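Asker: Here is what each chain is made of, one letter per residue.
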Amino acid sequence: KQEVTQIPAALSVPEGENLVLNCSFTDSAIYNLQWFRQDPGKGLTSLLLIQSSQREQTSGRLNASLDKSSGRSTLYIAASQPGDSATYLCAVYQAGTALIFGKGTTLSVSS
Amino acid sequence: DTAVSQTPKYLVTQMGNDKSIKCEQNLGHDTMYWYKQDSKKFLKIMFSYNNKELIINETVPNRFSPKSPDKAHLNLHINSLELGDSAVYFCASSQGGRSNQPQHFGDGTRLSIL
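Read top to bottom, the protein sequences are chains A and B.
Residues in the first sequence are numbered consecutively from 1248, following the numbering used here.
Residues in the second sequence are numbered consecutively from 397, following the numbering used here.
Accuracy of the hints is not assured; some may be wrong.
Only pairs whose alpha carbons sit at most 25 angstroms apart, straight line, appear in this in silico DMTMM-like list of lysine to aspartate or glutamate [to be verified]:
| # | chain 1 | residue 1 | chain 2 | residue 2 |
| --- | --- | --- | --- | --- |
| 1 | A | Lys1350 | A | Asp1274 |
| 2 | B | Lys440 | A | Asp1314 |
| 3 | B | Lys440 | A | Glu1250 |
| 4 | B | Lys437 | A | Glu1250 |
| 5 | B | Lys467 | B | Glu420 |
Here are some chain A residues the structure puts well away from chain B; computed CB gaps all over 12 angstroms [unchecked claim]:
| # | residue |
| --- | --- |
| 6 | Val1260 |
| 7 | Leu1266 |
| 8 | Asn1269 |
| 9 | Asn1310 |
| 10 | Ala1325 |
| 11 | Asp1331 |
| 12 | Ser1332 |
If you are wondering where the hints come from, they were derived from the structure by calculation, not from laboratory data.
Values in this document were obtained by computation on a predicted structure and should not be read as measured data.
Even glycine gets a Cβ: it sits at the ideal position worked out from N, Cα and C.
Only chain A is shown next, with the shape it has when bound in the complex (with noise of 0.2 angstroms):
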């Protein structure tokens, strides 16, 4: 049963930081692994969707990478700023299901 883990579960800096999230997941036989955005009493915002067969996408000051292999995922944030502050989830699509979402990481960056 795929499980998807994120490490940290809450993070904090200061603006300007460059800061990356880790997520992992055990099964290796994914579709797409997907990174949202989500504010406090908001829905998700889609911000990068890499598939199986790809290794990084970019978007802006967003970078997310995925080793299939390894079973691991990175977002990376340059240069962080205050509206960067929210929960980023990973997610991974697989075949007979929807997404498998991990518990996410709250990150807050400071003025």
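Mind docking chain B on chain A? Use the hints.
Answerer: Chain B alone, transformed into the frame defined by chain A:
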């Protein structure tokens, strides 16, 4: 212009009641989902429909019954509500059941059982 919209946003009701949550997407997607986010913020799939056909039905009590009148709508009806049903319910959609496309989420329905 909301892509995936859910109503109501908040739902407070008594134990034992029956309630429905509606979801509509205007993205032209053919696959829709219901997820449950519990008090510990953990998100888990409940159901998925592709072209109005049920394709995923996780181990959810049969008090929960999804209905898809057309590809743009997926409603969730809950009978005999229990305290443990308190959660945030998210609707999502994507193009293609096997989904090489990202899923788009609504803002959630916060269900509180008294």
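Asker: Are there hints from earlier that the structure breaks, and if so, what are their numbers?
Answerer: Going through the list in order, the structure violates no hint and respects every one.
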